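Number of protein chains: 2
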Amino acid sequence: MSLEELDLSCKLTAEAWDELSDQLKKRLGVLQQRARTLKIPTILIFEGWGASGKGEMISRLIANLDPRGYAVYSITAPSEDERRYPWLRRFWQKLPLYGDMAIFDRSWYREVSLAREEEELSHQELENRFREIEDFEQQLVDDGYLLLKFFLHISKKEQKERFAHLEEKKATRWRVTGRDWEHHRHYGRYLKLFDDMIDRTNPVTAPWTLVEATDRRYAMKKVFTRVIEAWEQAIAQREQPASTTFPGIRTSPDIPLEPSPRLAEIDLSPTLEEGPYRKELERCQKRLEELHGLLYRKRIPMILAYEGWDAAGKGGNIKRLARALDARGYQVVPISAPTPPEKNRHYLWRFWQVLPRDGHIAIFDRTWYGRVMVEHIEGFCTEEQWARAYDEINRFEGVLSRWGAIILKFWLQIDQDEQLRRFQDRQNTPEKRYKITDEDWRNREKWPAYEKAVDEMLARTNTSYAPWIVVESNDKRYARIKTLHEVIQAIEQRL
Amino acid sequence: MSLEELDLSCKLTAEAWDELSDQLKKRLGVLQQRARTLKIPTILIFEGWGASGKGEMISRLIANLDPRGYAVYSITAPSEDERRYPWLRRFWQKLPLYGDMAIFDRSWYREVSLAREEEELSHQELENRFREIEDFEQQLVDDGYLLLKFFLHISKKEQKERFAHLEEKKATRWRVTGRDWEHHRHYGRYLKLFDDMIDRTNPVTAPWTLVEATDRRYAMKKVFTRVIEAWEQAIAQREQPASTTFPGIRTSPDIPLEPSPRLAEIDLSPTLEEGPYRKELERCQKRLEELHGLLYRKRIPMILAYEGWDAAGKGGNIKRLARALDARGYQVVPISAPTPPEKNRHYLWRFWQVLPRDGHIAIFDRTWYGRVMVEHIEGFCTEEQWARAYDEINRFEGVLSRWGAIILKFWLQIDQDEQLRRFQDRQNTPEKRYKITDEDWRNREKWPAYEKAVDEMLARTNTSYAPWIVVESNDKRYARIKTLHEVIQAIEQRL
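Chains A and B, in that order, give the protein sequences. Under numbering that gives the first Met the number 0, the residues of the first sequence are numbered 0 to 494, in order. Under numbering that gives the first Met the number 0, the residues of the second sequence are numbered 0 to 494, in order.
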């Protein structure tokens, strides 16, 4: 499929449009409500030439919709602040709630088209972006998002006429900038660039709709019709009973996994005496403090993910680590059960909200791995959902790693006897009692199920760029020092 | 109270600190947990000279706290994007959840101290900021936030020595900038400026604690002790039973109110025929489209607030208005019951999240007035809370108005018979049925209580800068045209 193959002379007469439009508009309104009720989230992307009518198209489209159900985003160059995060973050942040719509006037495709020329992306950077777009869209579609991508195409001659027309009137003159004319002069180069972009991002699950946009009525008909058809199809699918066969765990050959231990095989006997512990703790904290300053100055982000059994000592471990850090350069992010706005979006959305800036450290107290542990075991997500989560998480961490983050994931391992001792200690000590709940006792009964899930998790998400480190935590002192050593070593290696 | 009166030679010996510190640290940890349990939110502000030890103080303080309960914010100049909103927005956004802590390394006081020199604020702008700080802090304290403000003071000589010391070592040299030295050279001027700032923002409900910061141990003791005392006091207050007498509605003489009609006196007979309606609708939409472009170019924000009876026609009214607007320059913000993150903060917090950028229009479908209507009538907030909400809302809208926003508030008025007709119509029309719920019927039974609340609301929040416009909505066509006329007129007046 190529833009040049489009017949830009396509037209629709005013009469034909009048005849059609009422019906289309009404249908749009009805389907939007239906999609809301069924909680189908919809994302519409409008890309295209300057003056191809993207803005007007969006205005016309939403005129038929309930304004409570959508948001429109106009995408320009990222702000200075946005540049300090992974580039996709600003798009993840704009994900609509299930049932709602997001409409993009330009989108992430800006970053592989216009930005390609304007920001002199390296070849590698461009390749990464294309790959991450593919992953991003696949994740959205897998999660039930309806994603429609439109490209509005006009000829060089038509664009020139439209610019000239806008410049004629005082009220619209400001809409045409020097950069627009610059793009116009290099129409041929951009045409190739757009064609390449469309060609590389056109999977069956999220295909482009190319729109002949010379005639606005024709374009409207094409866009409206496509939205209607897509909604009808999505609604029909949603109304069918879901398949109940286990889909199997999704893995990608392009993500090589490292070998990982099984929990049952971990030797939990290592200990550390109070004296050597104090000394080593002080030494490590001092070293980490220096390294934190270097990370900050070199703008290297770091992500430390903590998982482990209840009462394994995550809190105390994090505290010893955090104590070495400058308060302005790190944040502890506690993860508990998702709130409704989090539950009603892709499960990774909430983590994109709390990524560290470059140069900062984020310490996650529990993480996105909840998907394949508690959500899996408690049945908060479907088999299909957790079975593909390993792969999604590997890709998510891949994005962070390519962005430049140092990623370490700690599993704090204790045995059942040790957990029981700690639970009882909490129960019997008034100022610790708030730390123990009935849920902790219930989870404890599911130890074998969790152990199986954790082994699977370690095996499926242990990558070279985001390794799991099992921390023997029956002895808290040993565990804290081991964690510090690992963090220090990872930073030293990077520097 | 003046910085110059502080005795900067205050010291604490290492032995004295050793003796004290364990006890203080332990107490901090215990009280933090207690405050969390009682849902007391805490905000700590650290202001002070460059190199006075703010960062280190924060690090030392939080080393004793559970990292899951706080966030640290380092405040520098606002970003380009942040400048497009009311200046306090970025601080409102950082409000902690009830029970959590926010710690600020510099704060909103940056905007009336450093910014005063660096950004050449006008006298009026500075006065506004001082006033808005006062309101902001009062609102936080009223809502139960514990607000502690520390200023770390050192002498000019001490500052020079500290800068020199930092510059000696390679690892810390980057921390001292040209601007730091520039501030140092004008120490005397900044001293006056800080004194003035402290003097003007030192109410009994949110007083400053001035800290002699030459000796770090002495400073730590003072800060830790103050936090402990404040927590103890807040906890004691929270544990006492709340007073049950009605506090009376809070009003401020500095906010003059305009007369407002009573709902029962509104003449709901005006109608508009289909023919003239179509014609006028088209004319108005065309005019509004032009005006929207002008607002956008002049970067004037606009806030349209819709309230009204269930089935009064808010949705349809908004739709007719939105149709005239460029999709990239406005957003419809539907307000429904607050989510947990919203419920667990000051009730105005959620509205600060969704303010329009300058040049944009935000259309609120229901608003912050829920506080004095549904929350009041259903008992979701206390008498004390809704009784002061009128005043808080007037101040909130005052902030928006001074920022430059055009604010219009519409009350869509219908009578009980008309509502019944519309409810029945919704019930009997399949594609409208999703619009009517049991709750609508229940609310209908409380009509008299709501009417009283709305009359009170109109009377207490009808200001010249954010007027209420009662829209006779028994006839939807009439209502839509009236709203459009009001919006057009308000923009024309401003331009």
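Simulated from the structure, these hints should not be mistaken for laboratory data. Here the structure is a predicted model, which means the values were calculated and not measured. Ideal Cβ placement from N, Cα and C applies to all residues, glycine included. A hint or two may mislead.
To give an idea of the chain B side of the interface with chain A (calculated C-beta under 8 angstroms), a few residues [as the list claims (entries may be wrong)]:
no. : residue
1   : V71
2   : A235
3   : E238
4   : P340
Sample of chain B residues with no beta-carbon within 12 angstroms of chain A, all distances over it, derived [unchecked claim]:
no. : residue
5   : E124
6   : L139
7   : T204
Would you pick out the hints that fail for this structure and give their numbers low to high? 2, 3
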